[in-house]
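Turn these sequences into a full structure, and let the hints guide you.
Chain by chain, the residues:
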Amino acid sequence: MWAFLGSDVLFFGTLIATHLVYRGQSVSGPAENILDIPITSISTFVLLMSSLAMVLALSGLQRGKMGEARFWLAATALLGSVFIGFQMYEFAEFANEGLTPRTNLFGSTFLIMTGFHGTHVVIGIFWLWSLFFATFNGKIHQGNSLEVEIAGLYWHFVDIVWIVIFGVVYLVGAYGTEEHVEEAGHAAAAILGLG
Amino acid sequence: MAANTGILRRPLAPAGIWAWMTTVDHKRIGILYGVTAFFFFLLGGMEALVMRVQLASAESTLVSANTFNAMFTMHGTTMVFMVVMPAGAAFFNFLVPLMIGARDVAFPRLNAFSYWLFLFGSLFMNFSFFMNAFPDMGWFGYAPLTSNEFTISNATDYWVLGLLVMGIGTTAAGFNFVVTILNMRAPGMTLMRMPVFVWMTLIVAFLIIFAFPPLTIALAFLTFDRFFDTNFFVDIGAGSDPLLWQHLFWIFGHPEVYILILPAMGIVSDVLPTFTRKPLFGYPMVVFAGVVIAFLGFGVWAHHMFTTGLGPWANAAFSATTMAIAVPTGVKIFNWLATLYGGSIRFKTPMLFALGFISMFMLGGLSGVMHAVTAVDSQQSDTYFIVAHFHYVLFGGAIFGLTAGVYYWFPKISGKMLSESMGKLHFWLLLIGFNLTFMPMHILGVIGMPRRIYTYAEDMGFEFLNQMVSTGAFIIALAIVVFTINIVRSVRQGEPAGDNPWEAATLEWSIPSPPHHYNFAIVPTVRSQYPLWDEDANVVLPPALPAHDEPIMPDPSYWPIVLAFAITMVAGGLIIWQGHAIAGLTVIASMGLLGMRSIFGWVLEPMEDEAHVSVHH
Amino acid sequence: MARFLKSRTPILSVALMALLLAALSACASPQSTFDPQSDAADSILSIYIFVTIVASIVGFAVLVAMVWLLIKFRAKPGVPARQIHGHNKLEVAWTIAPIFVLLIIAFPTMFWIAGTAEDPAPDVIEVEAIGHQWWFEFHYPGMGPDGGDLITANELVIPVGRDIRVTLHSDDVIHSFWVPQLVGKTDMIPGRTNVLETFNAYTPGLYFGQCAEFCGVAHALMRFRVNVKTSTDFSTWVDAHNAGPAAPEPGTGAARGRIEVAAGCAVCHSISGQPGMSGRIGPDLSLFGERTTIAAGILDNTDANLRAWIGDVRSIKPIPEGGLFMPTFNDGTLDEGQIADIAAYLNSLTAE
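Residue numbers (the working numbering), protein chains in the order written: chain P, 48 to 242; chain L, 52 to 668; chain Y, 24 to 375.
No wet-lab data here; the hints were simulated from the structure. Accuracy of the hints is not assured; some may be wrong.
What the hints assert, rightly or not - Taking lysine to aspartate or glutamate pairs in the EDC-like style, the calculated list, with each CA pair at most 16 Å apart, reads:
(1) Lys-340/Y to Glu-110/L
(2) Lys-186/P to Glu-656/L
(3) Lys-399/L to Glu-554/L
(4) Lys-340/Y to Asp-323/Y
(5) Lys-186/P to Glu-196/P
Said to hold, decoys possible - Now the in silico label distances, taken between C-beta atoms and shown as ranges:
(6) Val-574/L to His-188/P: 24 to 34 Å
(7) Val-104/L to Thr-315/Y: 24 to 34 Å
(8) Lys-186/P to Ala-368/L: 23 to 33 Å
(9) Ala-120/Y to Val-211/P: 54 to 64 Å
(10) Phe-515/L to Thr-315/Y: 19 to 29 Å
These numbers come from a predicted model, not from an experiment. Even glycine gets a Cβ: it sits at the ideal position worked out from N, Cα and C.
And the structure:
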């Protein structure tokens, strides 16, 4: 799992870097001004809480408390689903306000990046539900808690990626002034010889 | 009873084709990779010969421009992704567990999955030939030429999707080998006692893990641009920058060339000691140099972009890092030469190819240093000089090194020896043909012949040298014919090899040729880098284990091939969707469901089936 | 004998290389980087020769060492191999030595890079080059009629002995501007402005150029010429370009051709000084009679070639149908006589 996460670091790193390089260069259409920080803060908090739930699930399983493990596994999956719900709401709102992947550079880079993240979360949710059901037929128990630990590693990674995206894209994007945003974009672009 | 997680019973003792399709045995997977890579080597070679016949005369009209452009695109794509990489994988797969004293890799079904994705992805891409959509935009697919606006046919789609499918398999193999090498070494085998080939495999696996994601993203962006009208590379009016593609591609592309060459370097590092009867000179430095090359390899990518106007600072920086990477490369070469010093050199065929590797790779490395100099690159870039450089390192380097590996380990894999006299004939023909083909290309580049041109004017003065090049290409073809005959004949009627025909030192030579399916009867304890040359090495082979004492090995499974098939068909569905939306969506949905079902089936299936476990315990 | 040859493989390779390098001087080409005709190309060649010498010395030394080792330490019965594992001082030595060699190469490299960033002379001529599939468009800002742009195509006319600064754009895919005898190449990238290294040609003459970045099916046939003229000739050319052509003699083929061109070709093409002929889709045709080549540098400008080109471009270049590409005309749209007239008119556009 660590090896896979190593590659996923590069995967998301590239997505975030592309977004940063193109920042400030959309010719038309909505950009950072469309982001709704309060709502996204709530969804970020929900995802963070899901990581806590994941830790509690693993802890319960390692101590042989199946009831706890099941409860927290389900909680993690549900909290993750709430996050996805928020994401879907956000994307629908953006589409209403005229931002789709086809609209402009911001649309393409932002939506594809968060789209891939969301896909990772959905895969995680499927995984968590599978583990949840597996606690009922004896396939997951105290002895093979490593299976859940590995899922936990994945889940925490996906959460950390979201923290980075929220910080770099949302917070800096919305609160950095126009000039800062442009400067940041130009600096990144200049280093790479782009733009 | 075998536990089933799918509709079909899990195969426990399959035979024939079904055995090969469901195998999870690293040795069989290695053979599959090797045979497939060889087939594509012949295909890629024919693509090259078409080009050489066309270019042998000025203003030739033998093939159309479109055909020629497809030939250079597919020759490059085939040789890089379908020949050299899988040939390396063939060796990793067969040898690494044997060299570290393990019974298989860490994730046997993932291993099979990697192979099937490679096979299906490459067949998928080549299938485009029959759909009159053979990729013709260059193997590096620069934007915006690859956008919908400039490439109307599906050619680019087949290329992008084929690479995505193959890339998943490669990345998975990267994970597999990191875990295998770090976790499954025999007792006593510290990292610094591993054969250099295993070290190089480890480094390559890390390179794959970090280099393939940028390519995956670049291909994903291009897919979104072509299928869903996003704006990553193609809408200049909307501000997108074609150079983004180049950066992402080369951030992958440069580490990729080290992925291509390090396995061959590992092979040579293990062949030389055997045929000089002394240890590799400076083992720690050779290993360390490999690690340094891997790190530095991530810092040189923009030397592929010197002519794109990055500006003096970027050009200077990348010029410096590119020159720097010559240092660890030189260190390796000097250590190989020092291995010869004081040795007792036997000139068997593997040794000849290893020596060929060292000399030809060095020449290629020197021409590379030449165009690390930005000034010189402004004249040499996109000319035949560059073609000469990378063929010296990839053909004179990687292919010669891999061929040394074939001659060296063929006895272990098949139990038979390859013919020495045919091997030497192969070597000489190849060396002469190779130099005759690629040395004149240096000159062609310098006198002004650009790359990727399907013809040239009579008054350019290129014809004589092109004729030399084309003649050399056919000599190479002859050498390959000799090689093929040697392999085919020796598989059937070669001399029996015994367990250690070369009197080599590493663990794979301590078991029969070919090995039992469980590899080692007794997992060895290792005390040095050259276990079989230890004074107290026990060189008497233990007898084969009776069936009821055989260790429990992972059982075959059909999920890897089914999942690989499903993923490839999703890609196919995307292409169908472009022309026929409903049909395409049906394929995508059904194959997607099959894929998800496969994932569940695979995850729920234990590595060793309960039937076997209950019998043995 | 076999063993003798085996161990001398590297020497044979070196000999082969030397032969081929000798062949280099025998291979003349109008696009050779070994025939520099400007300050820029000259300084690149000097660095190149220097780097080649250094690399050859290193390569030769290593190959000779290898041959010596193979001969001296070939297996001899009764002589065991010396079990040497390594030698730290040697490792240090052969790590440091290449660093020195690379530093020697790095210095001229860095100085050259710095040099390319310098400003050109004050009397520099600015040219804008725009890459298209599959031809080159050239603008001279400020040199056209009324101080606008002078626009031409496929043959870049410049004066000798003056700094020339070319900015590079592209209208479609990535192309590359390369005229080896005058300057190293730089890519023409859509959405981006690049600048070619400033260069100063030594002698008047015709220099061959070619697109050097794969740009689609006809990339191999996207070439151009740089026509270096004396200062006087250059001024004459500019004036003649801006003044526009004199009307052709009535009743001649050229006169009939002029009407055809105004009626049809002018939709895509332009001729300076001719009202109504200002199409910007295809190459500019001003002073066409002065051009040495047609079809983006691939055919000599003869009457026969021109008629063949106008009649059916697809018989000469693999240009796809449709889009904004030049249509085929000899399928009934124009008859032979009309094509001949158009060719006559175009080649009548000279500086006289």
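Right, here's what the structure says about each hint:
Between Lys-340/Y and Glu-110/L the alpha-carbon distance is near 12 Å, which keeps this suggested pair within the 16 Å criterion. With a CA separation close to 11 Å, the supplied pair Lys-186/P and Glu-656/L stays within the 16 Å bound. For the given pair, Lys-399/L sits about 12 Å from Glu-554/L by alpha-carbon distance, which is consistent with the 16 Å threshold. Of the supplied pair hints, the one linking Lys-340/Y and Asp-323/Y holds, its CA atoms being roughly 15 Å apart against a limit of 16 Å.
Our distance criterion of 16 Å between C-alpha atoms is met by Lys-186/P and Glu-196/P, whose separation comes to about 15 Å. The hinted window of 24 to 34 Å between Val-574/L and His-188/P holds, with their beta carbons roughly 30 Å apart. A beta carbon spacing of about 32 Å between Val-104/L and Thr-315/Y agrees with the range 24 to 34 Å that was offered as a hint. Evaluation of the 23 to 33 Å hint for Lys-186/P and Ala-368/L yields a failure: the beta carbon distance comes to about 54 Å.
Checked against the given bound of 54 to 64 Å, the beta carbons of Ala-120/Y and Val-211/P, roughly 44 Å apart, lie outside it. Between Phe-515/L and Thr-315/Y the beta carbons are some 25 Å apart, a value that agrees with the proposed interval 19 to 29 Å.
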